[in-house]
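*Asks:* Sequence:
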Amino acid sequence: WDPRMEANPRSKAFAAGPAPAELPVDRVEAGQVFFVDCSSLSQDTSQAAVEFRRSKDLSDKDLGTPPVMHDGTVRGVDEGDGWVRVADAEPARFMPMEINGQ
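Numbering (our numbering), first residue to last: 1 to 102.
For the record, the hints were derived by calculation from the structure and aren't laboratory data.
Don't take every hint at face value.
[Stated by the list, open to error] With a Cα cut of at most 20 Å, we get these calculated EDC-like pairs of lysine to aspartate or glutamate:
| hint | residue 1 | residue 2 |
| --- | --- | --- |
| 1 | Lys56 | Asp88 |
| 2 | Lys61 | Asp81 |
| 3 | Lys61 | Glu90 |
| 4 | Lys56 | Asp81 |
| 5 | Lys56 | Glu90 |
| 6 | Lys56 | Glu79 |
| 7 | Lys61 | Asp88 |
| 8 | Lys56 | Asp44 |
| 9 | Lys56 | Glu98 |
| 10 | Lys61 | Glu98 |
[As the list claims (entries may be wrong)] Pairwise CB distance ranges (calculated):
| hint | residue 1 | residue 2 | range |
| --- | --- | --- | --- |
| 11 | Gln102 | Asp57 | 14 to 20 Å |
| 12 | Glu98 | Ser46 | 27 to 33 Å |
| 13 | Pro91 | Met69 | 33 to 39 Å |
| 14 | Asp44 | Glu90 | 19 to 25 Å |
| 15 | Glu98 | Asp44 | 29 to 35 Å |
| 16 | Asp44 | Thr73 | 18 to 24 Å |
| 17 | Pro91 | Ser46 | 17 to 23 Å |
Every residue gets a Cβ at the ideal spot worked out from N, C-alpha and C, and that includes glycine.
Between the sequences and the hints, there should be enough to build the whole structure, so can you do that?
*Replies:* Structure (structure tokens):
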């Protein structure tokens, strides 16, 4: 998988509001919907996607879970540190809100 094809899910549509403090489990399970926007990383967004991470480390990709394609959605909670904790993922999965500053 080419990391240069990964998207920046942080866009006007992706913005989810203020960072949460300690969240109750039901809030994480419900979460908010985040939109994946790959347009700032690739002119051809037809194959662009963002992979889930097993931790809050860009290199810790979860290759066992299909990535989210451009214009796709993810349900989760903004952790307030540039990461979205994906709802209904056990063990926890994360998605970066920014890749390579974009």
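*Asks:* Which hints, by number, does the structure contradict?
*Replies:* 8, 12, 13, 14, 15 and 17
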